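Per mature numbering (1 follows the signal peptide of the UniProt record, and there is no 0): the sequence shown = residues -29 to -1, 1 to 436.
Derived from the structure by calculation, the hints contain no laboratory data. Among these hints, one or two may not hold up.
Simulated restraints on C-beta separations [as the list claims (entries may be wrong)]:
1) Arg303 / Glu250: 30 to 36 Å
2) Ile173 / Val138: 47 to 53 Å
3) Asp177 / Trp154: 32 to 38 Å
4) Ile173 / Gln289: 38 to 44 Å
5) Gly407 / Glu250: 51 to 57 Å
6) Asp177 / Val155: 31 to 37 Å
7) Glu298 / Gly407: 21 to 27 Å
8) Gln404 / Pro248: 20 to 26 Å
All figures in this text were calculated on a predicted structure; none of them were measured in a lab. Glycine included, every Cβ here is placed at the ideal spot set by N, Cα and C.
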Amino acid sequence: MIRRFRRLPLRSRLALLTAAAVAVAVALAAGACWVVTEQQLGHQRDTTLTSQRVDDKAVQSLVRTCGTNPSGLPPAPGSYTVQIVTASGIVCTTPGKSPINVTGADLAVAQGRVDEVLHDARATDGRPMRVATYAYDGPQLPNTAVSIAQPLDEVDKPLGALAIVLVLVAGFGVLGAATAGLWVARAALRPVDRLTEAVEHIARTDNLEVRIPVDGEDEIARLSRAFNSMTAALASSRDRQQQLIADAGHELRTPLTSLRTNIDLLARSEETGRAIPPEDRKALLASVRAQMAELAALIGDLQELSRPDGPPGSGPVQVVALHEAAERAVERARLRGSGLTISADIEPWYVRAEPVALERAVVNLLDNAVKFSPRGDVIEVRLMKGELTVRDHGPGIPEDELPHVFDRFWRSPSARSMPGSGLGLSIVAHTVQHAGGEVVLRPAEGGGTIASVRLPGAATEPPAL
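Based on the sequences and whatever the hints tell you, model everything.
Set out below in structure tokens:
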């Protein structure tokens, strides 16, 4: 049953749930109404019965006319049945009415043991009755009780009619609630239908430019905004991916073309038997090795940036000693930058980052400074209060190029002849931002460039190993 319910459309389920809720509420209200009415009518009937008293003359006429085989009392008004009960069990009933079966409670009243009783009984014709019996206190008729009875169906019939009315009203109410629930469900789910149509359209056409109109501040509006944000993010991610592929293809084309040209020259020399001069052959092989190294570095950088919204490295985030990573990067830079002086003023500083990715970002900063520093110059590395700065004395970066230095594959026009893929600073920015920091490049006074990295400090130092 539950599985069948879950297979129904959402609007049908909402309509059924609304109808069920209304049905329960109407049933409870109808039941409460019926119970209260039944109690009120029963209480009113009992009050009326117990307040009734038979005229003394009518009771005394019983003594004179009934005898042992009484002909009866004067007719009782309405549907009431009046009956006289003596202590010995002699009964005299209103003419035209069926006698009421005398119970022990009636005899107890006639014998003076109880003043009055109220109980259910049956007439001799089987009709259920409500009986009120009280002791007759006339001086000439000791040990006598008077019973006044009313048929129970005089209250049950109105209650039955009320029950039918309540059932009909409840039925119409449930049908109306189901209809209204279906209408409300359709109206409420209309924005969801639009969202569904938009999703289906995107699935069919792969068009991420679709946006859903947002109106209001309710949950549907929030869902629409979230959907629009998601499609915008997907569109941006796809655009970045396409741009990455295009840029990668452009950057790969140059070393591949040069590599293919050099290999073709070597192959043609072998095929034709014309030997290449040793010096030229050596230069060709050196060029091939350089192009292969450039391709390997470019592929590694592309792998690093292949997940634009994910973590930049492969290791877990942990507390890292930034000063140790900077010291190792300085040592590597000194090996690569022969003829350069690299000074280091480094204070301890701990951050939360991926160790491998963070060290590579620092190495990239220093490699960038080494690449643009003239021979014999000084590169200054400082780490003070969470700010790592690398200052070189190279040609610097023009103001109009500073906004692009962290873009993928971007290289200054003056540096296009120099080796590199244009991804080093992009990796630096990606890693630093993932660690919650910021990186900027700015011109230095007197020439050169200052690269500044700020990273928030970790709460504790890493445990000693």
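Okay, the hints, checked on the actual structure:
1. Arg303 / Glu250: 30 to 36 Å: 32 Å, holds
2. Ile173 / Val138: 47 to 53 Å: 51 Å, holds
3. Asp177 / Trp154: 32 to 38 Å: 36 Å, holds
4. Ile173 / Gln289: 38 to 44 Å: 39 Å, holds
5. Gly407 / Glu250: 51 to 57 Å: This hint holds: roughly 53 Å between Cβ atoms.
6. Asp177 / Val155: 31 to 37 Å: 35 Å, holds
7. Glu298 / Gly407: 21 to 27 Å: 22 Å, holds
8. Gln404 / Pro248: 20 to 26 Å: 51 Å, violated
Hint 8 from the earlier list is the only one contradicted by this structure; the remaining hints agree with it.
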